Each structure stands twice: as structure tokens, then as C-alpha cells.
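Residue numbers (our numbering), protein chains in the order written: chain A, 194 to 453; chain B, 12 to 774; chain C, 15 to 232.
Keep in mind that the hints were calculated from the coordinates and are not lab data.
Please read all numbers here as calculations on a predicted model, not as lab measurements.
Be aware that a few hints might be false.
What the hints assert, rightly or not - Covered, in the sense of this in silico footprint (three residues per stretch, anywhere, with C-beta under 8 angstroms from a C-beta of chain C), are these stretches of chain A:
# : region
1 : 262–269
2 : 385–394
3 : 415–427
A virtual CB, placed ideally from N, CA and C, is assigned to each residue, including glycine.
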Amino acid sequence: MASAFLLDMTRCIGCEACVLACKAGNELPVEMQYIELIERTSGTFPNLVGGFENHRCYHCTDAACVAVCPTGALFKEDGLTRLDRDACSGCGYCVQACPYGVPKMVGGRSSKCDACASNVGAGGSPWCVTTCPAQALQFGDREKILAEAKSRVAALKDRYPKVQVYGETQAGGLGLVLVLPDDPETLDIPADPPLVPVTVDVWKHIVQPVSMGATALAAVGAGVLGVIARRNHLAELKELEEQEKAGVAAGGSESTEEER
Amino acid sequence: MARVDLQITRRQFLATGLAGTALAGTGMGPGRSNLSMRYPDPPWFATGEVVTTYNYCDMCPWKCGIAVQSVDGKVIKIDGNAPDPKSRGRLCGRGQAGVSFMNDPDRLQSPMIRTGERGEGKFREVTWEEALDYTAEKLLAIKDQYGPESLAIFGHTSGDFWFTDYFAQAWGTPNAAKPSSALCLSPRDEASTLTFGHAVGGHEPMDWEEMQCITLIGSHIGEDARNTVMQDFVEARARGAQVIVVDPRFSTAAAKADYWLPIKPGTDTALLLAWINVLITEERYDRAYIDQWATGFDELASHIQEFTPEWAAGITDLSADQIRTTIRVMADRSPQAVIMPGRHVTWYGNDTQRMRAEYLVNSLLGVYGRHGGMYFNKSPFLDSYPHPPFAVHGSSGGCSAEPGEESDVLPLGPSGKARADGAREAFLRGPTAMQELIDPMITDDPYRIAGLIVYGTNLLNSVPMPNRTIEALKKLDFVLAVDVLPQEHVAWADVVFPEATYLERYDQLSTVPHKTPFIQLREPAVPPMYDTMPGWMMARELGLRVGLDAFFKWETIEEYLNTRLRSVGSNLEKMHEAGGVIIQEGKPYLEDFEADGGTPFHTPSGKIELSVAELAEAGLDSIPVYEPTEEPPDGYYRLLYGRAPVHTFAKTQNTPDLSAVYPENELWINEDEAVALGYANGDRVWLENEAGDRTGPIAVKATQRIRKDAVFMVHGFGQQSSGLTNANGKGASDTKLMSRYKLDPISGGAGLRVNFVRLTEGG
Amino acid sequence: MSGHDHEGEILRYRTRQRIVHAVMASSFLILLITGLALVWGPLAFIAAGGWSRYLHRIAAVGFISVPFLYILLDRAGAREVLVESFQYDHDDVVWFKKMYRYALGRTSDMPPQGRLNAGQKLHHSAVIIFSAVIVATGIVLWGFKSSLSPTMLAWTAMIHDLSMLALTLLLVGHVFFTYVYKAWSSMATGYVPEDEMKLEHGKWVEELEHQVATGSES
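The following block holds chain A by itself, in its conformation from the complex:
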């Protein structure tokens, strides 16, 4: 069963309670923050459209960060993208790969929302969800969340002609389903985030394992062969030595060898 967040941006009022509940509940160090409210405004005074991007992990089903992660520190679970910071090597590829610019390097390791894995595992909800004064957030089974998002959109058409669900299909389906009042571009959210490049798959799933396998095979082969070859060589040297001894008496050795 896949889980998902519902984030209704027609309700979000930008108060950042989620940001701080997340910091407090996950006991994040001061410099770490999984959610960021970014102001987005378009138009010119006084004809303005404004809002926030509630910037946080979108929990892509086809997650580029998971695809590029060399160590498996990033992984998918229950439809969500988890991060095991203990296993993170700090290569920063996830920072580069994420189409939403979500993971950050903090203290030399990747840092991003893990959907409060511990708290959810204990039967709770993510801390941002439980505190949100605007009740802009819900968490639960992705199918139900999607249905809820769609019914909200239907009800909001009058006030927001361009209201839409975001996240049903993007990146293989997002674990963060948004109700957006307007086109995603107005909040600087890509309407269609790029798919995980084929190159990444080739690199991660073919080149790296094949390379490591080849190296391992070569090393083992070289080891076995080395023992044999060295024995041969030592025998050859011994023979040579004997021949030389004999050769001192019976003439040059090289010619002997060439003749052979």
C-alpha cells in the first residue's frame, strides 16, 4: 500500500507551523530543515497573484534521487522516499538529480523529508500534518488522498478556474499530492518534471554492477592464474639457471632456446 500526503495550497496560509513542527518533532539540528515556504508572486502592482511553494519532498514514485544514490541511503518504502542518513556518503548526486531541488547537503550528508518514518511507524501522522492550523495537510492511503484531492478540486472551480490536482502522474505519481489554485508554473513547480534519465539507469543498473563484477572476476582470475604462472616462471628460472650452469660448460643458452 502506498501512502501519500495531501497538500492543499488553496488552504495553506504560509504560517510555517509545518516547518517548525517538523524540526521539533524530528529533533532536527538547528541547521536542518525539511520544509521551506517560498513566496511566489506574479504580475505587477496592483494586479498580482501570490502564493507560496510549500517546498518539501514530493516523494516521487520514480524518484531520481533514489536512482542516482550510490549507497542506497535513499530508498522507496510505502510509496514514500526515505533517507537513511547513516548510510549517506554525501556525494550530492541526489541534490543534482532531484527535479524539484529538494535534497540539501547538511553536515556532509543528504537531508530531506522522510515522511516522519518513525512516528508514522508508531501509528501516528507526520508532525507537519498534525499541527497544520490551516488543515492544508493530510496523510494516508494514496488512493484515498487522490480521491480527496479530486473532490476538492471539483468544489473549488468557482473560486479558482484553473484549480488542479498535481502529482497524480508526475514522476510516476507523487507521494505529495497537491491541490494547486493555478498552473504549477505560477509557483515555480515544473508541470512535467523530467523523468529519470535513461543514462542514469544504464549507469546505475548496468555499468556499475557489471564493472564491479568484471573487476572482481578479473581479480579472482588473476589470483588463480598468478599462482600457476609464477610457478611456471620459477620453474623456468630454475631451468635457466641449470642451463646456464650447463651452458658455461656446453656453450650459449640462448641459441639452445631459440632452437627449441
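Following the hints, put chains B and C in place on chain A, whose structure we already have.
Chains B and C in isolation, oriented as in the chain A frame:
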């Protein structure tokens, strides 16, 4: 095995124990069995038993009920307390950062007595015994020499009761003041008292559940992150309520509005008069309601003849069309259409009249006592702890005074001196005006104020004209600072009392006037950190040392609280078990009064007074008129200021988690103006006002979201205190640019939006 | 140069050459381990926290400096290795055809070889080429990672990884032949037994003898 069981119990408790309502509809998450075991547990899963205590949040004055979970004497998580009518199980960002506030390494840790010059910040750490004895000695010396009125007491935040209300009244000084009065709420409460016969109350009595139209004038819901208001606003809007926002700035609320009126600053009264004009001339007002519940309508009707939308359009920079449309939207939804009484309303010195104009619109819409309008709040019933008669009536106002202890009578001190703030002369009425007590400290006029206790007020970052305040601090005989942090003014104190935070102390019960009046409990989650002390204990220890034993008869705070709670059939234990809150019945609607023939309006006429005789008698306008506000000179912008959702006043800038999220303020300036001046986003500038006062550097935020004639910044930054690691020198201080203010002749409020600034380079 | 300690031995690697080799070998090994930590889960603990990334960069500086160090310390040697590694004669072609015998430790019927046998030439030239590629991609990943698209990042990292695969396989071969032909001492002391050299690098020994004879010792 036992360890594992304990762990699971705790996990479930933490996750689900509190926010039950929040989870009910959404608790569909995967169980632990689905969760990868490789995922590390947070550190607090490892040991100990979870203890829950109930409290009301002190991160802002709103006082949300909270449930605090601690493990092994360490506070782990703060959540909204589900049964509490303010928080309803949810909490804003500041509330979530309560643990960070408590654990701020910059906290004052020990009582101190000054060793260097005032302002140098040199102190020696002393025992509480020495600090209290020394302070008592100084206070008694002032009393002997100048009388008890010569001690001024300034207080803010939820523990201020013990000093600004209780100690002040027992001691006998009428010069106790709170910034929440004359620097914030006085105009709205005086306007309300004059019009309706009662103050608005700390919790605006908006009947959100059925509201159909909300109008905000300079209220910034979202940036002003009062939890309950955000919840109610979002819910009403989601239900389809129309939102009209009047603001020179495209605020978060404006971005959510159906109608945004980008008004020219200082012209709101003109807009309100035009709205009244439309309501009356188009006969869109609630005639039956006015006939039954108001007086002075005819006078009002003739007064507003000339104030047409066309007249207001020329003043406000709005179109007559906009003005007509918006009031019609309101009228169509009346009485479920309310102009929300703003909070910080001390803007231009004519603020009581502006608030009156708002109330007149609301009255014509018939909102008071109507479902979906504004209800009548009621204070919860709760007895005071018995004490001898106070030496002086309280008049510090604010929202933490015990109900019934405020009075319209101008209080006189025991030696016959009235308040030194010029009440009844410089201004008509209202609680003690803090900013008006600074001059007497310097001039000894009308009499000498020789001592000052500052409880939790960031004196130099909240009272305008900070240079004047410093001059006053230099001249005082004795200054006691009670605070949690080494705020800027603490360096000017003779004695410093470090206070335990709200999470570490019992405190006065919070009594909230409300639709369902309620009482909130504050019990400590953990013992005081360092060598700190709760405010009630300081006040009591001081009281016992200055001969006020009769007022502090209780031995323990538990005894004090239990005595009060007995009057509502409860005690600390019962209240804890009930979830930290006692909720009573209210009397919210007109029909509740009509039933017994009473009136909710305690004015001389027993009705809404559209025209106020008391004002006319004092030579003031009985019905609001528009008075033009001084315009910024060429090259200057009007300085507007407001809030960031994660900060409270000048209190939280140093809190590590909050500082991390919003470390410094920015200067909002219209993008076109910024370009013309040659500034780009992120450029650092200094600000200078007309008097030459400077502050900065502050980053430019060039934006389309503000008018061209004003600049805006978040209040509370630009603090100068080396003891505040995170806040020191961050951003610019709006207070330091307030080298003048305009006194409201009615309420004594200090109009603060009358300062003009320009952008300059360099320090 | 030759002392009585090295009776029956030839000086094959001068001290400065051995310094260059040591710098290259140690930096390469550090790069290999710290790089592998980014690829192989069980080694991730080395990289956790990011310190290995700094070590990788320090070692990278060492690795990149190798050619410059060689030129600085032993210009003639540097030129020699560069020139010789890319020149193959008829004997080399024959050598390659019989290479499997050489790999099995049998040198007796291999064609005579110069200072570098054909395999070593190929090894050196491959090392030079793949090192150039890995350094180039490494610099991109170091300094310009943030301006790469995910696709370009993957390409760059993939080429970097493939170069390392090549270099690692070359290392395996290098270690293999060193073991088989007991060549550990050559880089440790610089000296090799003369009789073995006659066997494996006949032309070189002849050349040396010729030089000694004509007095044009370098």
C-alpha cells in the same frame, strides 16, 4: 523484552496520544510492521517514561492551550491541546519552537547585580537571597523618598500579572503599563467601550463558523500567525466566505482575498466613511437592527452625506467602483459580514476614531450579537485569591488583568498622585500609556519616577524613541529587569532576575473571555533550568521583603491555584485530569439577552452609540471624521512594519529554531522604486529617518507587492545585544526609526506609522 | 650508482622515478577506495559523513600532479616513458601474439624486448589515456557538478566510473605480472637481477652493455 514493550508504548503515545482529533480522519498510515527496521529511531525513543503536562503557550500573547510531553526531565514535544478552544490540538510555528526557546543557550542563568556603568552590561552573579534583599532595599528607599507612585512597572507576556497587576496594585503604583495597551490595543478597546460599553477582549469575538464575508483592514492573518484565527479564517474561506483585504501591501491575506484594496496608508477612515455612506444612501444597512439596538443614526446619516465613494476615491487611491462593490459584497452577506477588529491599531494618532468607524460599519451591518457576526464574549467565572483591598486600582490594561479589576476611574495612588502618563489631560481615557511614562522619568513632571521594574518587555525594541528611553534609564535610581534572555535593555538594569520559562513553572490561571469562557492551566513540564525562578515566586519574595505579606499569604503556588479553582469545583489534580482546561457556558447572542430583557451594551444609553456624547463633551468628534495624515517628503517612504509568522514582537529573534527559519528581516520596497534608486534584491542598505536615526544593514526585497509610497519590514529585528548570539545585529530595527509618534487624543495610543525613512549606503 | 651491494643487478628505476611511482600508486589506491565507497554499499560507511570525499579530492590532487612531478624530477625519464609507450616494433607484435605464454610465466620463447616489453607499453599507454579521461571527468564532477543536468551528470559519472574500471583492471594486470615475475623489489630498491632482465628485456640489457662499452652511460 520489557524494554521493547516500553518503547512501543511510548511510540504510540507520542504519535497518537494528543492529536487525536487531528488524526481521526487521516490516520491511515502504514503500521510499524511495514516500516523498514533500518530506519533509525529518534533519540527519545530509547529511554524513560513519557509524562504529559498541560500549559498555555507563551511564545506569543495568544495563549494556546498546549500539551507538553517530557521524558526523563527533558521536554520532547509540544503539541496543541485538543480540548483547548484556542489550539484545538494544533499549534503555530512559534509554539512548536517552545523547546528551542527554553533550551536557548543564551538564557539568563543566575541573578545578577550590576558592577559596571549602566548600559555596559557588567554584572556579578549573586544568590537569590542577595538579589532579592538588595532589590527590596532599593524599592523601599524609593518609596520612602518619593512615595509608592514613583515606581513604574512595565510588563509583557503571560507572567506579567504578578508584577504589572498584582504587585503593582498591592504596592500602590498607578504607573504600571503594558505595551499591549497604548502601543497596540488601546484604540480598539476604547473605541469599543465608547460604542458598545465593553472592550473587544483579547480573543476577538468573531463568530467564524457561520461567517460569509470577512474584511481585514491592516490585519495580516498568516503573517500574524495566531493559531485560532488562522484556523478559523482558512475554514471560513474554504466554506466559501468572501474575503476583502484593505492593505497597502499585498500581504499573505491579500493573496487569499477575493477583493484587495491597495489603499494609500493613513486614509482608512475615508474608506470607512464612504462605506457608511453607501450603506445608508443605498439603504443597505440593517434598519430593524439599528432601530432596536442603536442610537445616533440620524446624526450619522447627515454626517456622512458628503463622504461619497467619489470623495474617498480621491483620498484613498482606490476607485469609487471598488469602494461600492466591496461594501455591497458585505451588505449582501450581512449580518454574516464582519470587519475584523485589528490588533496592533496604533497607526496615525487618530486610531480610536478609525476603529469607531469600523464598528459603525459593523453596526450598520447588524453583526453584534448575531450568528455569523460578532458574539458577546464572557469572562469565565473564577474567584480571585482572597487578599486585602489593593492600594490602587489597576489600569495597565492588556489581556492578563483579572476580570473586574479594571476600572474607568482614574486611579490615585496611596499618596494621592494620579497616573503620570497625562491621562485626562493629554488624552481622554484608557489604560496607562507606557510611552507617556518615559518623559516623566526624565523631567520629573508631573512628579519623579525613580524606579522601574521591566518584566519581559523588550524596552528598547518596542517603545518608540529608544534614545529617549535610554536617557530615562540613565536617570532612574533603580532598574530591575526580569527576563529570560539578555535583551538589549537588560544591560541597563541594576539587578537582573532570570526567569524560568513557561515550560518550567506554575503560573496564574489564564481566563479567556470567549463564546465558551474557559480557564487554562499552566503546570511545569520540567523543573527550572539553571538558577532561574518563576515570576510568581519573585513577586512573592519581593512582596514579603517590602511589607506586603498580607497579599502573599499562600505558602505555595499550588495552594494559591487550588484556592482559586475551588470556586469552580476543581483543583490542580482534577484540572490536569480534565486535560488542563475548564470550559464554561457563555451568553453569546442577542437572543440570550432578549430572553431576560437585558442588554449586552453597557453604554449610557444601553445601546450601540453611533454618536458618542462623551467625545463631544471632551471637544472631540462624536462621529469619526477623516483627518489627513502627514505625507512623506520627497525621497522618503512611510515606514510600515508587521509580522513574520515565526516571530513574536522582539521576543523570539534569538530562539535557535526560529532564527534558523527567519534569521533577519528584509526591507520591502516597490520594485520600480528600487530600480529607480539603483537597488536590487538582496542589496544591503541602511535606513535613515528624518531625524537622522539610522539602522541596518538590511537586505532589500524589491517586490511588486507594496505601494510606491511606503516600505515595510518585520518588527523586532536589528537588536543590539552581544548576549544574543542569533539576534544581535540581524536586520534593521523599526523601533530605532521611530523617533516620533502621534498621540491618540482619545486612547493615549502612540501612532507609530508617522515616521519616514530613506535608503542609504554604508554604516 | 651501482654499488657492491648490487652485484649481479641492474638499476632499473632511479630514486626519483620510484618517488613518482609511489605518489601515483598511493593516490590511486586512495582514490580507488574512496571512490568505491560511493558505488558499493558495504563500503558506504567510509563515505558516511563526507570526509572520504575530501580525501578523494586530496588524493586527486596527488594523482593529477604525477605527470608534472615526473617532468620536474626526471624530465628524461618522463619523456622516455611517453615516447617508448607509444612505439611498437615487429618484436612487439610477435610478443603480443605470444602474450598468453608470457601471462603463464613462460618467457623463454618470447621475442627479445627493450626496457619496456610490449605489454608494459600497452599498459602505460592505456594508463595515460584513461588517466587523462578520469582526470577530466573528475574535474568536472568536482567543480562543475552543480551546473550539470541529471543526464550529463550521469554521463560524466559513468565515464568516470568506466575509466576507473579500465584503470583498475590495468592495476590487476600490473599486480599480476609483478607477482608472477617477482618484480616487487624493482620499485622498492630500484634494482633487478641482471639475468632475469636478460631473459625478459634482452634488447635493453644489450643496449646497456653497449652503452657501457661505448662509455655513453646516461
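Outcome of the hint check:
1. A count of 4 residues in the region 262–269 of chain A with a Cβ less than 8 angstroms from any Cβ of chain C is obtained; the coverage claim is therefore met, three being the minimum.
2. Note: the region 385–394 of chain A has 5 residues with beta-carbon separation from chain C under 8 angstroms; the three-residue rule is met and the coverage holds.
3. Counting residues of the region 415–427 of chain A whose C-beta lies closer than 8 angstroms to any C-beta of chain C gives 10; at least three are required, and the coverage claim holds.
Checked against the numbered hints above, the structure violates none of them.
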